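**Q** So the protein lines, in turn, are chains A and B. For the first sequence, the residue numbers in the working numbering are 111 to 215. For the second sequence, the residue numbers in the working numbering are 111 to 215.
No wet-lab data here; the hints were simulated from the structure. Watch out, some of these pointers could steer you wrong.
Put simply, identical chains are the same to the list, so a pair is met inside one copy or across any two.
As the list claims (entries may be wrong) - The calculated lysine-lysine pairs, modelled on DSSO-like cross-linking and capped at a C-alpha distance of 30 Å, are: (1) K206 - K190; (2) K215 - K201; (3) K180 - K190; (4) K171 - K190; (5) K171 - K201; (6) K215 - K190; (7) K215 - K177; (8) K190 - K177; (9) K180 - K215; (10) K206 - K177; (11) K177 - K114; (12) K215 - K198.
Remember, predicted model here, so these are calculated numbers, not experimental data.
Number of protein chains: 2
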Amino acid sequence: MIAKTPQTPYYAVIFTSYRTEGENGYAEMANRMLELAAQQEGYLGCESARDEIGITVSYWKDLESIKAWKENVEHVIAQKAGRDILYKSFKTRIAKVERDYEFFK
Amino acid sequence: MIAKTPQTPYYAVIFTSYRTEGENGYAEMANRMLELAAQQEGYLGCESARDEIGITVSYWKDLESIKAWKENVEHVIAQKAGRDILYKSFKTRIAKVERDYEFFK
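Isolated chain A (complex conformation) (with noise of 0.2 Å):
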């Protein structure tokens, strides 16, 4: 779904990866942790598709709320079984979104 996020600005951490071989556990810490994000103060919504390379953009109200999200503990344990085992490379950008327009038929 695409995020319905409120007026600009707010902020987008554009999370882009490859995934190693195998399942490892993936999917069930992905969903995980998409719920958890959900219980985060700030959290404005996500989206999220993967072909070869995953992308997953999650948005948040301000850069205190993408900071307390990054520092969760259990996120932090997500964090490094991301770079032990999930992935072999990602990229996170972090973002202020300054302008947004939409598109429904």
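Assemble chain B onto chain A, guided by the hints.
**A** Frame of chain A; chain B shown alone:
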């Protein structure tokens, strides 16, 4: 491929979409737009994935280069095809990337 973007700050255009049913010349149009975008002044790279939802993030030097790309004549025609034929819905977000970090095994 994870886009090899320069040091921050730079800009991201996050394009999230749902396609209509059928091919409708989508692949040809999408490939041509990637090719054309890559020739624009200020283009820095692109990442794209689709499950049910599609996410394409293109990276740009500044707002001027995004504006010029939006107004590119061939791109304007493609945008019209997007609204008329190719997409059920989409959202475009223009965001300033303030910080990034990466991980490679």
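**Q** Are the hints correct? Go through all of them and say.
**A** Going down the list of hints, with the structure as the test:
Proximity of K206 to K190 under the C-alpha cut-off of 30 Å is found in both arrangements, the shortest distances being 26 Å within a copy and 27 Å between copies. Taking CA atoms no more than 30 Å apart as the test, K215 paired with K201 passes between copies only; the shortest distance there is 12 Å, against 33 Å inside one copy. For a Cα distance limit of 30 Å, the shortest separation of K180 from K190 inside one copy, 12 Å, qualifies, whereas the shortest one across copies, 40 Å, does not. For the identical chains of this complex, K171 and K190 are intra-copy neighbours only, at 25 Å inside a copy versus 32 Å across copies, given an alpha-carbon limit of 30 Å.
Taking CA atoms no more than 30 Å apart as the test, K171 paired with K201 passes in both settings, with 21 Å inside one copy and 18 Å between copies. In the homo-oligomer, the alpha carbons of K215 and K190 lie at most 30 Å apart only across protomers (13 Å), although the nearest pairing inside one protomer, at 42 Å, exceeds that limit. Proximity of K215 and K177 under a CA criterion of 30 Å is satisfied inter-copy only: 25 Å between copies versus 36 Å inside one chain copy. In this assembly of identical chains, the alpha carbons of K190 and K177 lie at most 30 Å apart only when taken from the same copy (16 Å versus 39 Å across copies).
In this homomeric assembly, K180 and K215 come within 30 Å of each other (Cα to Cα) only across copies, at 21 Å, whereas the closest approach inside a single copy is 36 Å. Proximity of K206 and K177 under a CA criterion of 30 Å is satisfied in both settings, with 14 Å inside one chain copy and 17 Å between copies. Taking CA atoms no more than 30 Å apart as the test, K177 paired with K114 passes in both settings, with 22 Å inside one copy and 24 Å between copies. Proximity of K215 to K198 under the C-alpha cut-off of 30 Å is restricted to the inter-copy arrangement: shortest distance 5 Å between copies versus 38 Å within a copy.
Violation of the numbered hints given earlier is absent; every hint is satisfied by the structure.
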